[in-house]
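2 protein chains.
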Amino acid sequence: MQTTPNLSAPRQVSIALGERSYPILIGAGLLGDAASYAAAPKGSDALIVSNQTVAPLYAAQLAQALAGRHRQVHQLALPDGEQHKDWATLNLIFDALLTHGADRKTVLYALGGGVVGDMTGFAAACYMRGVPFVQVPTTLLAQVDSSVGGKTAINHPLGKNMIGAFYQPRAVVCDLDVLGTLPPRELSAGLAEVIKYGPIADMAFFDWIEAHVDALRALDADALAHAVQRSCEIKAAVVAQDEREAGLRAILNFGHTFGHAIEAGMGYGAWLHGEGVAAGMVMAAELSRELGLVDAAFVQRLTRLIQRAGLPVRGAVIDAQDNAGRYLQLMRVDKKAEAGEIRFVLIDGPGRASVRAAPDALVRRVIDRCCQ
Amino acid sequence: MQTTPNLSAPRQVSIALGERSYPILIGAGLLGDAASYAAAPKGSDALIVSNQTVAPLYAAQLAQALAGRHRQVHQLALPDGEQHKDWATLNLIFDALLTHGADRKTVLYALGGGVVGDMTGFAAACYMRGVPFVQVPTTLLAQVDSSVGGKTAINHPLGKNMIGAFYQPRAVVCDLDVLGTLPPRELSAGLAEVIKYGPIADMAFFDWIEAHVDALRALDADALAHAVQRSCEIKAAVVAQDEREAGLRAILNFGHTFGHAIEAGMGYGAWLHGEGVAAGMVMAAELSRELGLVDAAFVQRLTRLIQRAGLPVRGAVIDAQDNAGRYLQLMRVDKKAEAGEIRFVLIDGPGRASVRAAPDALVRRVIDRCCQ
Numbered sequence: 302m303q304t305t306p307n308l309s310a311p312r313q314v315s316i317a318l319g320e321r322s323y324p325i326l327i328g329a330g331l332l333g334d335a336a337s338y339a340a341a342p343k344g345s346d347a348l349i350v351s352n353q354t355v356a357p358l359y360a361a362q363l364a365q366a367l368a369g370r371h372r373q374v375h376q377l378a379l380p381d382g383e384q385h386k387d388w389a390t391l392n393l394i395f396d397a398l399l400t401h402g403a404d405r406k407t408v409l410y411a412l413g414g415g416v417v418g419d420m421t422g423f424a425a426a427c428y429m430r431g432v433p434f435v436q437v438p439t440t441l442l443a444q445v446d447s448s449v450g451g452k453t454a455i456n457h458p459l460g461k462n463m464i465g466a467f468y469q470p471r472a473v474v475c476d477l478d479v480l481g482t483l484p485p486r487e488l489s490a491g492l493a494e495v496i497k498y499g500p501i502a503d504m505a506f507f508d509w510i511e512a513h514v515d516a517l518r519a520l521d522a523d524a525l526a527h528a529v530q531r532s533c534e535i536k537a538a539v540v541a542q543d544e545r546e547a548g549l550r551a552i553l554n555f556g557h558t559f560g561h562a563i564e565a566g567m568g569y570g571a572w573l574h575g576e577g578v579a580a581g582m583v584m585a586a587e588l589s590r591e592l593g594l595v596d597a598a599f600v601q602r603l604t605r606l607i608q609r610a611g612l613p614v615r616g617a618v619i620d621a622q623d624n625a626g627r628y629l630q631l632m633r634v635d636k637k638a639e640a641g642e643i644r645f646v647l648i649d650g651p652g653r654a655s656v657r658a659a660p661d662a663l664v665r666r667v668i669d670r671c672c673q
Numbered sequence: 302m303q304t305t306p307n308l309s310a311p312r313q314v315s316i317a318l319g320e321r322s323y324p325i326l327i328g329a330g331l332l333g334d335a336a337s338y339a340a341a342p343k344g345s346d347a348l349i350v351s352n353q354t355v356a357p358l359y360a361a362q363l364a365q366a367l368a369g370r371h372r373q374v375h376q377l378a379l380p381d382g383e384q385h386k387d388w389a390t391l392n393l394i395f396d397a398l399l400t401h402g403a404d405r406k407t408v409l410y411a412l413g414g415g416v417v418g419d420m421t422g423f424a425a426a427c428y429m430r431g432v433p434f435v436q437v438p439t440t441l442l443a444q445v446d447s448s449v450g451g452k453t454a455i456n457h458p459l460g461k462n463m464i465g466a467f468y469q470p471r472a473v474v475c476d477l478d479v480l481g482t483l484p485p486r487e488l489s490a491g492l493a494e495v496i497k498y499g500p501i502a503d504m505a506f507f508d509w510i511e512a513h514v515d516a517l518r519a520l521d522a523d524a525l526a527h528a529v530q531r532s533c534e535i536k537a538a539v540v541a542q543d544e545r546e547a548g549l550r551a552i553l554n555f556g557h558t559f560g561h562a563i564e565a566g567m568g569y570g571a572w573l574h575g576e577g578v579a580a581g582m583v584m585a586a587e588l589s590r591e592l593g594l595v596d597a598a599f600v601q602r603l604t605r606l607i608q609r610a611g612l613p614v615r616g617a618v619i620d621a622q623d624n625a626g627r628y629l630q631l632m633r634v635d636k637k638a639e640a641g642e643i644r645f646v647l648i649d650g651p652g653r654a655s656v657r658a659a660p661d662a663l664v665r666r667v668i669d670r671c672c673q
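Protein chains in written order, with this note's numbering: chain A, 302 to 673; chain B, 302 to 673.
What the hints contain is simulated information worked out from the structure, not anything from laboratory work.
One or more of the hints may lead you astray.
Said to hold, decoys possible - In the SDA-like style, the derived pairs of lysine to any residue whose C-alpha atoms are separated by at most 20 angstroms in a straight line are:
| # | chain 1 | residue 1 | chain 2 | residue 2 |
| --- | --- | --- | --- | --- |
| 1 | B | K637 | B | R550 |
| 2 | A | K406 | B | R653 |
| 3 | B | K343 | A | A638 |
| 4 | A | K406 | B | F467 |
| 5 | B | K406 | A | G460 |
| 6 | B | K637 | A | A336 |
| 7 | B | K406 | A | P433 |
| 8 | A | K637 | B | T400 |
| 9 | B | K343 | A | H401 |
| 10 | B | K637 | B | R653 |
| 11 | A | K637 | B | R545 |
| 12 | A | K343 | A | S322 |
| 13 | B | K637 | B | A516 |
| 14 | B | K637 | A | A397 |
| 15 | B | K343 | A | Q622 |
| 16 | B | K406 | A | D649 |
| 17 | A | K406 | B | E544 |
| 18 | A | K637 | A | D620 |
| 19 | B | K406 | A | E544 |
| 20 | A | K406 | B | K343 |
| 21 | A | K637 | A | D649 |
| 22 | A | K406 | B | R471 |
| 23 | B | K343 | B | K406 |
| 24 | A | K637 | B | E544 |
| 25 | A | K343 | A | L358 |
| 26 | A | K406 | B | T400 |
| 27 | A | K406 | B | R666 |
| 28 | B | K637 | B | L549 |
| 29 | B | K406 | A | R644 |
| 30 | A | K406 | A | W388 |
| 31 | A | K406 | A | Y468 |
| 32 | A | K406 | B | R657 |
| 33 | A | K343 | A | D387 |
The model shown is predicted, which means the values in this text are computed figures rather than measured ones.
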């Protein structure tokens with residue numbers, strides 16, 4: 302007798318960090334299923350932190366799924382957008398926790414994209430010096446990248462993600478169904494972080510993305526499941542080796558050095574994070590080529606895929622007078638910089654990356670060539 | 302031939318936390334001695350964070366001692382006082398770091414009392430998700446308690462130390478000479494945390510304090526050295542067993558539950574932290590007696606020593622209408638509280654403490670009896 306395979310069973314990726322290990326669940330219909338949250342502590346109160354766009358769509362469903370786990374389930378909707386990823390908005394979470402008399406066992410649930418996840422995670426890291434939290438990412442970008450690995454932060458006017466903590470969630474619940482309500486622009490922004498994993502770690506995955514980018518943009522369920530799973534697997538392997546970014550982990554920031562400069566230079570929220578990363582990857586690939594690490598064909602192939610994903614392949618002009626100078630100024634406060642020297646994630650060859658410095662003149666040339 | 306013993310060699314206590322272990326140095330003349338900072342990373346920039354009272358006295362001396370270790374040594378003086386232990390003041394540290402282009406290897410030095418240490422430590426925990434820091438405590442309270450063990454935090458209007466992190470320094474440098482410039486009121490406040498270690502852990506040390514309290518108040522060097530060393534030893538032993546306060550570590554908060562309510566109820570800065578703890582210890586001892594855990598003679602003996610240390614033995618009236626009610630309200634947001642139930646550090650018998658709940662009616666009686 303054959304057993305029927307359970308086609309709807311969620312895929313699972315594990316982040317191996319000793320006593321801070323946790324599961325990433327990937328599948329359809331997970332958000333409203335109480336079983337998805339089995340890794341979260343039971344019995345205490347909970348606070349769902351979301352934003353004003355996502356909360357009306359999914360907060361009630363999540364609250365219902367959690368009703369059996371927690372004594373009381375409170376909700377908070379933050380203003381939506383990267384420009385609100387600051388202390389004032391973070392403090393709304395602390396205010397809510399203290400107003401509800403939340404104690405050290407209260408569990409926070411981050412229901413939203415990268416901004417909600419980063420802020421809720423940082424609030425969980427700091428409230429009473431640390432309470433448990435669960436990531437329920439509702440954007441592709443958060444599912445494949447920001448909700449995984451424990452990086453939490455808020456922005457400072459002088460730099461992105463400058464104030465934060467390494468603080469791991471108890472679980473990440475990636476419900477693929479919610480991607481159906483994602484605006485196409487946000488879906489594309491998420492694809493930037495999916496594409497990223499190819500050049501830095503896995504060119505076979507890059508081949509697969511090239512073959513399935515149209516399916517991904519059309520929200521094909523199988524394609525999305527594989528993209529999320531493979532992205533999380535690569536990220537999990539890197540994070541398990543270097544949780545606090547002493548070295549290797551920095552390669553996950555491919556495209557981010559230029560990308561953060563675009564985001565900060567244009568004003569947070571003007572470009573989506575994934576859009577900055579997209580143009581930033583082209584610029585970092587160009588810089589790799591200038592340094593003789595990859596050939597023009599590789600840069601073209603990457604650029605073409607980014608374009609097919611609906612993403613920008615040229616950087617923004619962030620200063621009409623001295624565009625390259627402004628990029629350099631913003632990139633000097635990047636967290637990878639050391640002693641004022643900017644360090645870039647460069648492609649050593651397809652599927653391999655490393656972090657290194659580059660001459661300013663070369664960087665300026667790349668910026669001049671890559672910005673319209 | 303006899304060798305001359307080096308009488309000025311610093312005493313050393315070690316905090317054993319695996320790869321996060323660090324030394325506490327205790328002795329005269331340490332602050333201005335470059336050798337005291339050997340455990341701090343070398344070569345990067347440094348930022349000395351102090352306050353407007355302490356900086357004029359010692360910042361130049363510390364900067365000189367660090368000149369050979371760091372490329373550049375920047376300085377920042379925060380406004381002085383518990384009422385400034387908030388986000389706005391914390392942000393002055395981030396502003397300074399970003400303005401100076403501080404990177405992930407920049408070392409922060411906390412030069413001051415508990416407020417400076419807590420805020421600098423929290424800034425170090427959060428800046429770029431963690432940079433190294435060193436504690437250079439200049440008050441007795443900071444030397445015997447707050448600089449040791451990695452608790453960092455800021456206050457929230459709704460509760461003390463509500464937002465923070467467990468984040469260990471690379472070293473603690475306790476220069477006993479600096480206690481000579483400490484106002485007598487601050488010296489007494491520090492003695493509260495010294496006295497604390499007796500009832501919770503070591504009655505032989507309590508006997509010693511009774512015999513030496515006058516010498517301590519007169520700044521006798523040998524007495525201070527022993528008090529700081531023994532306090533750090535006890536704290537180190539507790540922290541090594543329970544770094545993140547899952548259980549045992551909470552006994553170090555003897556007197557703090559009532560004390561925090563006094564501090565918050567009177568407005569931060571009106572009572573010194575040590576003064577709140579002093580009156581709070583009498584109240585917690587009274588509550589222990591009400592529960593039949595200790596006898597009246599023990600409470601009297603503790604009260605007498607606190608009084609001889611120049612500290613308040615009666616709680617403040619923080620609400621003219623419903624004083625006990627206001628205490629209870631404030632104590633319910635204490636970090637030890639669970640599901641709205643206040644948990645007190647009680648004395649199980651001289652030298653032994655545990656954390657437990659108590660009936661509200663009993664707590665009210667103690668508050669009514671202990672406040673003037």
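* Asked: K637 of chain B and R653 of chain B: Cα distance at most 20 angstroms?
  -> holds (18 angstroms)
* To do: Take the C-alpha atoms of K343 of chain B and A638 of chain A, compute the straight-line distance between them, and say whether it is at most 20 angstroms.
  => holds (17 angstroms)
* Taking only the CA atoms, is the gap from K406 of chain A to E544 of chain B under or equal to 20 angstroms? -> OK: K406 of chain A and E544 of chain B at ~17 angstroms, within 20 angstroms.
* **Given pair status - Q622 of chain A, K343 of chain B, alpha carbons within 20 angstroms** => violated (39 angstroms)
* Is the straight-line distance between the alpha-carbon of K406 of chain A and that of T400 of chain B 20 angstroms or less? -> Since the Cα atoms of K406 of chain A and T400 of chain B sit roughly 38 angstroms apart, the hinted pair is violated (cutoff 20 angstroms).
* To do: Assess, step by step, whether the Cα of K406 of chain A is no farther than 20 angstroms from the Cα of W388 of chain A, and give holds or violated.
  => violated (23 angstroms)
* To do: Would you mind confirming whether the straight-line C-alpha gap from K637 of chain A to R545 of chain B stays at or under 20 angstroms?
  => violated (29 angstroms)
* Keeping to a limit of 20 angstroms between CA atoms, is the pair of K637 of chain B and A336 of chain A held or broken? -> Violated: K637 of chain B and A336 of chain A sit about 30 angstroms apart, past 20 angstroms.
* Going straight from one Cα to the other, do K406 of chain B and E544 of chain A come out at no more than 20 angstroms? -> Distance of about 17 angstroms is within 20 angstroms: holds.
* Asked: Can the restraint linking K406 of chain A and Y468 of chain A be considered satisfied, given a maximum Cα separation of 20 angstroms?
  -> Measuring from Cα to Cα gives roughly 16 angstroms; hence the hint holds.
* Asked: Quick one, are K637 of chain A and T400 of chain B close enough, alpha carbons at most 20 angstroms?
  -> holds (17 angstroms)
* Between K343 of chain A and L358 of chain A, does the CA-CA distance stay at or below 20 angstroms? -> violated (25 angstroms)
This entry does not satisfy hints 2, 6, 7, 9, 11, 13, 15, 16, 18, 20, 22, 24, 25, 26, 27, 30 and 33, going by the numbered hints stated previously.
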